[in-house]
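Since chain A is already given, all that's left is putting chain B on it; use the hints.
Top to bottom, those sequences are chains A and B. The first sequence lines up with residues 1 to 126 when you count with our numbering. The second sequence lines up with residues 127 to 421 when you count with our numbering.
Rather than coming from a laboratory, the hints here were simulated on the basis of the structure. Small disclaimer: the values here were computed from a predicted structure and weren't measured. Incorrect hints may appear among the rest.
As the list claims (entries may be wrong) - Subject to a maximum C-alpha distance of 27 Å in a straight line, what follows is the list of computed DSS-like cross-link-like pairs (lysine-lysine):
no. : chain 1 : residue 1 : chain 2 : residue 2
1   : B       : Lys-412   : A       : Lys-86
2   : B       : Lys-352   : A       : Lys-103
3   : B       : Lys-412   : A       : Lys-56
4   : B       : Lys-158   : A       : Lys-103
5   : A       : Lys-90    : B       : Lys-409
6   : B       : Lys-224   : A       : Lys-60
7   : A       : Lys-106   : A       : Lys-90
8   : B       : Lys-412   : A       : Lys-106
9   : B       : Lys-379   : B       : Lys-352
10  : A       : Lys-86    : B       : Lys-409
11  : B       : Lys-358   : A       : Lys-103
12  : B       : Lys-409   : A       : Lys-56
13  : A       : Lys-103   : B       : Lys-232
14  : B       : Lys-227   : A       : Lys-106
15  : B       : Lys-358   : B       : Lys-379
16  : A       : Lys-90    : B       : Lys-412
17  : B       : Lys-158   : A       : Lys-106
18  : B       : Lys-246   : A       : Lys-106
19  : A       : Lys-56    : B       : Lys-246
20  : A       : Lys-106   : A       : Lys-60
21  : A       : Lys-40    : B       : Lys-412
22  : B       : Lys-412   : A       : Lys-103
23  : B       : Lys-158   : A       : Lys-86
24  : B       : Lys-246   : A       : Lys-103
25  : B       : Lys-224   : A       : Lys-103
26  : A       : Lys-106   : B       : Lys-409
Said to hold, decoys possible - Below, a sample of chain A positions facing chain B; criterion: calculated Cβ distance under 8 Å:
no. : residue
27  : Leu-31
28  : Gln-35
29  : Ser-49
30  : Asn-50
31  : Pro-51
32  : Leu-54
33  : Asn-58
34  : Val-59
35  : Glu-72
36  : Thr-102
37  : Asn-104
38  : Lys-106
39  : Asn-108
For each residue, glycine too, the CB sits at the ideal point set by N, CA and C.
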Amino acid sequence: MKKNRLPLVFALVVGLAVSVPLFAHHGGATLYGDQTVTLKGTVDTWYWSNPHCLLKFNVKGDDGQVVQWIVETQAPNTIYPHGFRKDSFKPGDMVTITLRPTKNGKPNGALLRAVLPNGTELVWER
Amino acid sequence: MLSRCLVVMALLCAAFTLPLKSFAQQSSPAVKDWPDTDPTRSTADKGKPMPVHDISGLWSGLWGKRLGAQPGGVQLHPNNGKPENEPPYTPYGLQLYKSHKPLEGKDQVSPAENNDPRTKCEPLGFPHANHYDLGIRIYQDKSSVAMLYQYDNRWRIIWTDGRPLPKLVDGGVEVNSGEYREQRYFGYSVGKWIDDYTLEIQTVGTMPEDHVWLDNTGRPISDQVKVTETLKRVDYDTLEWSETIVDPKIYTKPWDTMKLDLALQDPRVDVLTRYCSPIEYQKYNKMFGDSASEP
Numbered sequence: 001m002k003k004n005r006l007p008l009v010f011a012l013v014v015g016l017a018v019s020v021p022l023f024a025h026h027g028g029a030t031l032y033g034d035q036t037v038t039l040k041g042t043v044d045t046w047y048w049s050n051p052h053c054l055l056k057f058n059v060k061g062d063d064g065q066v067v068q069w070i071v072e073t074q075a076p077n078t079i080y081p082h083g084f085r086k087d088s089f090k091p092g093d094m095v096t097i098t099l100r101p102t103k104n105g106k107p108n109g110a111l112l113r114a115v116l117p118n119g120t121e122l123v124w125e126r
Numbered sequence: 127m128l129s130r131c132l133v134v135m136a137l138l139c140a141a142f143t144l145p146l147k148s149f150a151q152q153s154s155p156a157v158k159d160w161p162d163t164d165p166t167r168s169t170a171d172k173g174k175p176m177p178v179h180d181i182s183g184l185w186s187g188l189w190g191k192r193l194g195a196q197p198g199g200v201q202l203h204p205n206n207g208k209p210e211n212e213p214p215y216t217p218y219g220l221q222l223y224k225s226h227k228p229l230e231g232k233d234q235v236s237p238a239e240n241n242d243p244r245t246k247c248e249p250l251g252f253p254h255a256n257h258y259d260l261g262i263r264i265y266q267d268k269s270s271v272a273m274l275y276q277y278d279n280r281w282r283i284i285w286t287d288g289r290p291l292p293k294l295v296d297g298g299v300e301v302n303s304g305e306y307r308e309q310r311y312f313g314y315s316v317g318k319w320i321d322d323y324t325l326e327i328q329t330v331g332t333m334p335e336d337h338v339w340l341d342n343t344g345r346p347i348s349d350q351v352k353v354t355e356t357l358k359r360v361d362y363d364t365l366e367w368s369e370t371i372v373d374p375k376i377y378t379k380p381w382d383t384m385k386l387d388l389a390l391q392d393p394r395v396d397v398l399t400r401y402c403s404p405i406e407y408q409k410y411n412k413m414f415g416d417s418a419s420e421p
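Chain A with its partners taken away, still in its complex shape:
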């Protein structure tokens, strides 16, 4: 099962990033590494919720296997001024997501940037 491996074939951008949660119960340093990864995938669900909004999306690898990623961002009242809305992501939307993966290799991460089907870019990067 390759579920726990990063589908690096889709990694378009790798670099250093620093993201400090505005309000989180967890320290980012233990959870996330320094890498950023950009993935193309299909939206499954967008949870507009506290304490963090969550995006669940599916990424198809070269081998045809689909990996479901879940990434978190900040609470609605924090990201709203940055253009995020309750209906920003709809099931089936093809999106490009830049994220910082968790250190443990699970398909989880911190959402940094999202490009929507109409080209709109949503950014939460600190």
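Structure of chain B alone, referenced to chain A:
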């Protein structure tokens, strides 16, 4: 007769219109939007003379370097491993610290391993509330000062009417020479003005060490602590907030933990609430947190 009637009518008119006029003068001007906290900390009243014995207002520590958030530990001594920031632990205090599994600081663990009470939405308690996402609204009258903390909508009362600080007794405090009061998350606070612009506050009777931590990094605090704070208005729109803890159970000597400037904000700002909801938090962990923090 006519002139007497006119005089009476004039007096009646005055009686009804004067209060309305004075009310209109006291009420705030109409606001067209919802003012937000100003990170540049400029207020329309900047440079005005400081009012005497008055620290009321909306004060924000969340600007500039966001020192008020204090995620890495108490503001004066972040828990970063530097010797000058190590607390003067008693043996018990050190043992207690080592039993804590924090999410922040030099000994932080993954979310799955943590035992921080706040991750179960327990109240932060005092003085931890002074070291967490500081934004505060202060109201005061002749006998008390009320401090409203933005995180979790918590509040505390500081009595400034001259009453004595309660006496610490086992499991609580004693007041009025023989009456018992239980421990509380924000304890019992009394304050006095030590000059025109500085309020000194002392607090005892807080919760024991199995309920609360001092900061996010797992430093402990016990119910034997006596906390001394000073709230000093250094200019019209700056409030310097200092804190010293004396906790002989945990620390061998007094420890200065905070000396932080807060900025006066537009009093009409509707502060964002920051709640910890167990339902929301469990849902978040089930969907993301548990998986993300697996080893």
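A quick look at each hint next to the structure:
1. With a C-alpha separation of about 21 Å, the suggested pair Lys-412(B) and Lys-86(A) falls inside the 27 Å cut-off, and the hint holds.
2. Only pairs whose Cα atoms come within 27 Å are accepted, and Lys-352(B) paired with Lys-103(A) is rejected, the gap being roughly 41 Å.
3. Between the alpha carbons of Lys-412(B) and Lys-56(A) the distance comes to roughly 13 Å, so the proposed pair stays at or under 27 Å and holds.
4. Restraint check for Lys-158(B) and Lys-103(A): not satisfied, since their Cα atoms lie roughly 47 Å apart, outside the 27 Å limit.
5. For the hint linking Lys-90(A) to Lys-409(B), the alpha-carbon distance of about 21 Å falls within 27 Å, and the restraint holds.
6. Proximity of Lys-224(B) to Lys-60(A) is assessed by CA-CA distance (about 44 Å); at most 27 Å being required, the pair is judged violated.
7. A threshold of 27 Å between alpha carbons decides the hint, and for Lys-106(A) with Lys-90(A) the separation of about 24 Å falls inside it, so the pair holds.
8. For the given pair, Lys-412(B) sits about 14 Å from Lys-106(A) by alpha-carbon distance, which is consistent with the 27 Å threshold.
9. Taking the CA atoms of Lys-379(B) and Lys-352(B), the gap is near 12 Å; set against the 27 Å cutoff, the hint holds.
10. The hinted pair formed by Lys-86(A) and Lys-409(B) meets the criterion: a straight-line CA distance of about 18 Å does not exceed 27 Å.
11. Among the hinted pairs, Lys-358(B) with Lys-103(A) is inconsistent with the structure: their alpha-carbon atoms are about 44 Å apart, more than 27 Å.
12. Distance hint between Lys-409(B) and Lys-56(A) is fulfilled; the C-alpha atoms sit about 14 Å from each other, no more than 27 Å.
13. With a CA separation close to 18 Å, the supplied pair Lys-103(A) and Lys-232(B) stays within the 27 Å bound.
14. With a CA separation close to 23 Å, the supplied pair Lys-227(B) and Lys-106(A) stays within the 27 Å bound.
15. This hinted pair checks out: Lys-358(B) and Lys-379(B) have alpha carbons roughly 24 Å apart, not beyond 27 Å.
16. At most 27 Å may separate the alpha-carbon atoms for a hinted pair to count; Lys-90(A) and Lys-412(B) meet this at roughly 22 Å.
17. With a CA separation close to 47 Å, the supplied pair Lys-158(B) and Lys-106(A) exceeds the 27 Å bound.
18. Restraint check for Lys-246(B) and Lys-106(A): satisfied, since their Cα atoms lie roughly 24 Å apart, inside the 27 Å limit.
19. For the hint pairing Lys-56(A) with Lys-246(B), the CA-to-CA distance comes to about 25 Å; that is within 27 Å, so the pair holds.
20. Restraint check for Lys-106(A) and Lys-60(A): satisfied, since their Cα atoms lie roughly 16 Å apart, inside the 27 Å limit.
21. Distance hint between Lys-40(A) and Lys-412(B) is fulfilled; the C-alpha atoms sit about 25 Å from each other, no more than 27 Å.
22. A C-alpha spacing of about 18 Å is found between Lys-412(B) and Lys-103(A), which places the hinted pair at or below 27 Å, so the restraint holds.
23. At most 27 Å may separate the alpha-carbon atoms for a hinted pair to count; Lys-158(B) and Lys-86(A) meet this at roughly 25 Å.
24. Restraint check: the Cα-Cα separation between Lys-246(B) and Lys-103(A) comes to about 24 Å, which is no more than 27 Å; the hinted pair holds.
25. At most 27 Å may separate the alpha-carbon atoms for a hinted pair to count; Lys-224(B) and Lys-103(A) meet this at roughly 24 Å.
26. In summary, the hint linking Lys-106(A) to Lys-409(B) is supported, as the alpha carbons are separated by about 18 Å, within the 27 Å threshold.
27. The restraint placing Leu-31(A) at the interface with chain B holds, with a minimum CB-CB distance near 6 Å, inside the 8 Å limit.
28. Below 8 Å, beta-carbon pairs count as interface contacts, and Gln-35(A) has none with chain B, the closest being about 15 Å; its hint is therefore violated.
29. Below 8 Å, beta-carbon pairs count as interface contacts, and Ser-49(A) has one with chain B at about 6 Å; its hint therefore holds.
30. Using the Cβ-Cβ criterion of 8 Å, the hint placing Asn-50(A) at the interface with chain B is satisfied: the shortest such distance is roughly 5 Å.
31. The interface hint given for Pro-51(A) holds, since its Cβ lies 6 Å from the closest Cβ of chain B, which is under the 8 Å cut-off.
32. For Leu-54(A), the shortest C-beta to C-beta distance to chain B is roughly 5 Å, which falls under 8 Å, so the interface hint holds.
33. At about 15 Å, the closest approach between the beta carbon of Asn-58(A) and any beta carbon in chain B exceeds 8 Å, and the interface hint on this residue is violated.
34. Here the hint on Val-59(A) is broken, as its CB sits about 16 Å from the closest CB of chain B, past 8 Å.
35. Interface restraint check for Glu-72(A): the shortest CB-CB distance to chain B comes to about 5 Å, inside 8 Å, so the restraint holds.
36. Using the Cβ-Cβ criterion of 8 Å, the hint placing Thr-102(A) at the interface with chain B is satisfied: the shortest such distance is roughly 5 Å.
37. With 8 Å as the threshold, the beta carbon of Asn-104(A) comes within range of chain B, its nearest partner Cβ sitting at about 6 Å, so the hint holds.
38. For Lys-106(A), the shortest C-beta to C-beta distance to chain B is roughly 5 Å, which falls under 8 Å, so the interface hint holds.
39. Among the interface hints, the one on Asn-108(A) holds; its C-beta lies about 4 Å from the nearest C-beta in chain B, closer than the 8 Å criterion.
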